[in-house]
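Heads up: the sequence shown begins at 0 in numbering that gives the first Met the number 0, then just goes up one per residue.
Simulated from the structure, these hints should not be mistaken for laboratory data. We treat Cβ as the ideally placed atom computed from N, Cα and C, and that holds for glycine. Any given hint might turn out to be false.
So the derived label-pair ranges between C-beta atoms look like this [stated by the list, open to error]:
#, residue 1, residue 2, range
1, Ala822, Asp80, 27 to 35 Å
2, Ala822, Asn84, 37 to 45 Å
3, Arg491, Ala752, 49 to 57 Å
4, Asp82, Phe738, 53 to 61 Å
5, Thr319, Asn98, 47 to 55 Å
6, Gly909, Ala759, 55 to 63 Å
7, His160, Asp338, 43 to 51 Å
8, Tyr820, Asp572, 32 to 40 Å
9, His160, Arg277, 53 to 61 Å
Pairs of lysine-lysine residues, derived as DSS-like cross-links and limited to a Cα-Cα distance of at most 27 Å, are as follows [to be verified]:
#, residue 1, residue 2
10, Lys263, Lys193
11, Lys429, Lys798
12, Lys340, Lys193
13, Lys157, Lys113
14, Lys906, Lys334
15, Lys193, Lys798
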Amino acid sequence: MIPTLARRLFLAALMTAPLSASLAACAGPGLMNTASAGAIQQAAFERTASGIVVTPAEGAARRVRLEVYGPETIRVTATEDADLNLPASLMVTAQPSTNTPFQVETHDDLVVLKTAQATAEVSRQSGAVRFLDENGQEVLRERAGSRELNPVVVEDQKGDHRFLATRQVWESPADEAFYGLGQHQQGVMNYKGKDVLLAQHNMDVGIPFVVSSRNYGLLWDTNAITRFGDARPYGMLSDRLIVRDAGGAFGGLTARYYQDGVLKISRPESEVNYEFIRDQQRWPEGFKAQPGAPVQTGDMGKPGQAGVNVVWEGTIETATPGLHKFRLYSSGYVKVTIDGKVVEQNWRQNWNAFDHDFQVEMAANARVPIKIEWTPEDGYISLRHMDPLPAADQGALSLASDVGTAIDYYYVGGRDIDGVISNYRGLTGKSVMLPRAAYGFWQSRQRYNTQDEVVGAVRGYRERGLPIDMVVQDWFYWPENAWGSHQFDAARYPNPTQMVKDVHDMNANIIISVWPKFYPTTDHYKQLDAIGGMYTRNVDVGARDWVGPGYANSFYDPYLPAARDLYWKQMSDSFKGMGFDGWWLDSVEPDMHSNLDFAERTLRMGPTANGPGAYVFNSYPLVNAENVYRHFRAEHDDQRTTILTRSAWGGLQRTGSILWSGDVVARWDNLRDQISAGVNAGLSGLANWTHDIGGFSVEGRYSNPAGMKAEDKAEWDELQLRWFQFGAWSPIFRSHGEFPLREVYNLAQPGTALYDAYAAELRTRYRLMPYIYSLAGDTYLRDGTIMRGLVMDFPTDLKARDIADQYMFGHALLVAPVTEYKARSRSVYFPAGAEWYDLQTGQKYAGGQSTTVAAALDKIPVFVRAGSILPTGPAITYTAEKLDGPLTLVIYTGANGVFSLYEDQGKDYGYERGQFSNIPMTWDDARGVLTIGERTGAYPGMPANRTINVRFVSGPVADVGNFDAAPARTVQYSGQEIQVRR
0 MIPTLARRLF LAALMTAPLS ASLAACAGPG LMNTASAGAI QQAAFERTAS
50 GIVVTPAEGA ARRVRLEVYG PETIRVTATE DADLNLPASL MVTAQPSTNT
100 PFQVETHDDL VVLKTAQATA EVSRQSGAVR FLDENGQEVL RERAGSRELN
150 PVVVEDQKGD HRFLATRQVW ESPADEAFYG LGQHQQGVMN YKGKDVLLAQ
200 HNMDVGIPFV VSSRNYGLLW DTNAITRFGD ARPYGMLSDR LIVRDAGGAF
250 GGLTARYYQD GVLKISRPES EVNYEFIRDQ QRWPEGFKAQ PGAPVQTGDM
300 GKPGQAGVNV VWEGTIETAT PGLHKFRLYS SGYVKVTIDG KVVEQNWRQN
350 WNAFDHDFQV EMAANARVPI KIEWTPEDGY ISLRHMDPLP AADQGALSLA
400 SDVGTAIDYY YVGGRDIDGV ISNYRGLTGK SVMLPRAAYG FWQSRQRYNT
450 QDEVVGAVRG YRERGLPIDM VVQDWFYWPE NAWGSHQFDA ARYPNPTQMV
500 KDVHDMNANI IISVWPKFYP TTDHYKQLDA IGGMYTRNVD VGARDWVGPG
550 YANSFYDPYL PAARDLYWKQ MSDSFKGMGF DGWWLDSVEP DMHSNLDFAE
600 RTLRMGPTAN GPGAYVFNSY PLVNAENVYR HFRAEHDDQR TTILTRSAWG
650 GLQRTGSILW SGDVVARWDN LRDQISAGVN AGLSGLANWT HDIGGFSVEG
700 RYSNPAGMKA EDKAEWDELQ LRWFQFGAWS PIFRSHGEFP LREVYNLAQP
750 GTALYDAYAA ELRTRYRLMP YIYSLAGDTY LRDGTIMRGL VMDFPTDLKA
800 RDIADQYMFG HALLVAPVTE YKARSRSVYF PAGAEWYDLQ TGQKYAGGQS
850 TTVAAALDKI PVFVRAGSIL PTGPAITYTA EKLDGPLTLV IYTGANGVFS
900 LYEDQGKDYG YERGQFSNIP MTWDDARGVL TIGERTGAYP GMPANRTINV
950 RFVSGPVADV GNFDAAPART VQYSGQEIQV RR
């Protein structure tokens, strides 16, 4: 008992006094028996108000600080010197916890920080950190010696700036899976063993938050370009491979350039590299109209280089056997064949090239045939390569950033993945609720050119009885030479205020596009420039955009407080009194030119008030959205805003924003890729996500104004419908794209089966609004996620972890979109631990198996988890209609279930003040009893009484999928508990 008492007294002292090297030495040799006497002096540590600071005896960091941000959240900061005063985080709004008890202990080499639910151990010798759960089981461990803090110099217009290139590696067991990291376009669900570049791009959104199947997350608090996985930059083919031409000669592949099918030039090329504007001078004479010019080469949707084709052919060879990694960056049509197999084949619009990763198994010292066939259409291409990592490094958790000030990350624990996301939002902000209307249908187009077109789009839906809630005015409502003026072209928009009123009078909302881009001839540019609030390099180098003859342009600096205020004032003054309901914040990466190399991009997006562009590279979309959100709330009292933004950063959910997946293309592979993109966006804390239904950009075979060939029209119709079906089961249901026109009544003629399929999907979405809006309420009240990876609800089902083309829509519904042309069935994996019902037929499926299910063209496979209570509403054409109408609760028997029906006013922030209601519901399967519990809470306009119908589904019957099927029971609910027996 005496040793135990002595230990308790020692811990009590530890809790109340700083610990330095002298106090540590007094603890006796038993606590530091792995460190030398000299090292003991170096390995000082002290307790702080929120954690501990350790001075390691060796390693890259001179200080390692741990701070408690909550029972399961611990911040780790490692610096190259004694200075721990870092710049304020842009992502994290929380402060170290003042009410989370913690203890500090020492064991041999370790300083141990404990809360009730998490433990962090720091080695005083190396500074390495290890995390354990409340049961003392290891969750995460830094790899010894993996910490890197390497000085780098960043040059911008203001001179040279010293920063640190940082990296940290953590050990990862073989069965671990990784998710989150933002929204990416590789069709990957589980990022274990994958390489992900976190660098904002039109379609690719980096968020440095990774979530593990082991129920923790890591938030890497660095705003610069970051690499998850292999930290080595991919090189050109000849950097690490032996490259030979088609005849076997060393030095490069054979490059053949064709014009209208006739070979014009054949030459050896060591690189497949027309990657950026800077690389265009590589073109042979006569094959590029504007070689190297700093302007947009090829207008949006107007391909150039007619009749040009390029083929590279030869062999590649390696001395390193294993799975080699390739990264194809391309636009136009491209096909890559390696060792006789097509490994990649795709198309992208010319100005929006992007990455397509693939891997090839290669034996050592063997020549492997390679062929790249490219129809450029004024596009871009490169093929990069990377050797396999050593076996010990494959699958490790690694994050590396180009520019920073320290290693600074947050360990975020949780009871499950939902708990991890909840704690992440505790750091970076609650998910602000959108207006109810945002969960209805959005119609958009690239673009509505007149006031009459905007109003006419909404009228077209209303006249046909089709649901709609949102219409969007895209860019170019201003005079051609006045981008950034926020002024309407009076010839096309004679009365914008009346336009908004006309939309509102049809019970719809309207948002408007506002870019952070300005022409220098506008007053707004001049005002911002006068206070140092404009990036000027884009203008200085003579860059032009794609509009008309091409205009000089640049973007504002949202990191400068005065520029933020002025930017909003310009918006507010320009649109004052018009009544727009929200904002489309486009091109917020910022995308000054889609084809700039990273070095030039960082120069053109700076210098900023926070430092060089390279230092803040990824954070622009967050700072811009937060600026608009805060100012809108300050000016508009209690009106919820709607922000649609093309990029994101950690914390975007606190800004009332919807992320959309950028200018994806109308192809089947892009449709499929949106599924994993949306799921991982949700696993990055962003519940409100959407995509351009049908794909934004289209191939020439679809966009000929004279019409399509019959075979192309058939594929177009099917692709659009299948994408629309997926959109109806996405968090935000939004149609947008270039010509052909995307309104439902333009995609299909009334009276046809195709039109009926569109209409049915729209009406299904609106009948499910009680369920969907409850999911929306859950994102705020319980930090929920709407579009859910299977791993979230079935964490022990290992087969579910990698599935990239299915997801849960809330906890009740399993969605399996069809992403192949002419498919009329598809394989569906039903997660183990549940039974499943087909939503349309009631057919029942056992969990833990894959089954081929029917997928008629007019149906998307959707399944309901047994035990679910699915609330549905009356037929409506806008979300605010019949709010007091009858509810139908559909009970899917076979398991117990719970649901909470959330309701509020739908347009204001009263929910933040507790103005909302919840109706708890439970289903006891053994007793056959549904309990509709006592309603809690209230809000202005809440219906006091409701008619509630109840239906039960236990298997296939004729009217299972009919929302108006006769109920088994009907009750009148006035807020008091009611039990309904089957």
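Tested hints:
1. Restraint check, alanine 822 to aspartate 80: a C-beta distance of roughly 60 Å breaks the suggested window 27 to 35 Å.
2. For alanine 822 and asparagine 84, the Cβ-Cβ distance of about 58 Å falls outside the hinted range of 37 to 45 Å, so the restraint is violated.
3. Between arginine 491 and alanine 752 the beta carbon distance is about 37 Å. The supplied range of 49 to 57 Å is therefore violated.
4. Between aspartate 82 and phenylalanine 738 the C-beta distance comes to about 56 Å, which sits within the given range of 53 to 61 Å.
5. Between threonine 319 and asparagine 98 the CB atoms are about 53 Å apart, so this pair conforms to the stated range of 47 to 55 Å.
6. A C-beta distance of roughly 34 Å is found between glycine 909 and alanine 759, which places it outside the suggested range of 55 to 63 Å.
7. Restraint check, histidine 160 to aspartate 338: a C-beta distance of roughly 46 Å satisfies the suggested window 43 to 51 Å.
8. A C-beta distance of roughly 50 Å is found between tyrosine 820 and aspartate 572, which places it outside the suggested range of 32 to 40 Å.
9. Range check, histidine 160 to arginine 277: about 23 Å between beta-carbon atoms, so the 53 to 61 Å window is missed.
10. Distance check on the hinted pair: lysine 263 and lysine 193 sit about 40 Å apart at the alpha-carbon level, beyond 27 Å; violated.
11. Taking the CA atoms of lysine 429 and lysine 798, the gap is near 32 Å; set against the 27 Å cutoff, the hint is violated.
12. Taken as a hint, the lysine 340 and lysine 193 pair is honoured in the structure, with Cα atoms around 22 Å apart against an allowance of 27 Å.
13. For a cut-off of 27 Å, the pair hint linking lysine 157 to lysine 113 is broken: about 45 Å separates their Cα positions.
14. This hinted pair does not check out: lysine 906 and lysine 334 have alpha carbons roughly 49 Å apart, beyond 27 Å.
15. For the hint pairing lysine 193 with lysine 798, the CA-to-CA distance comes to about 18 Å; that is within 27 Å, so the pair holds.
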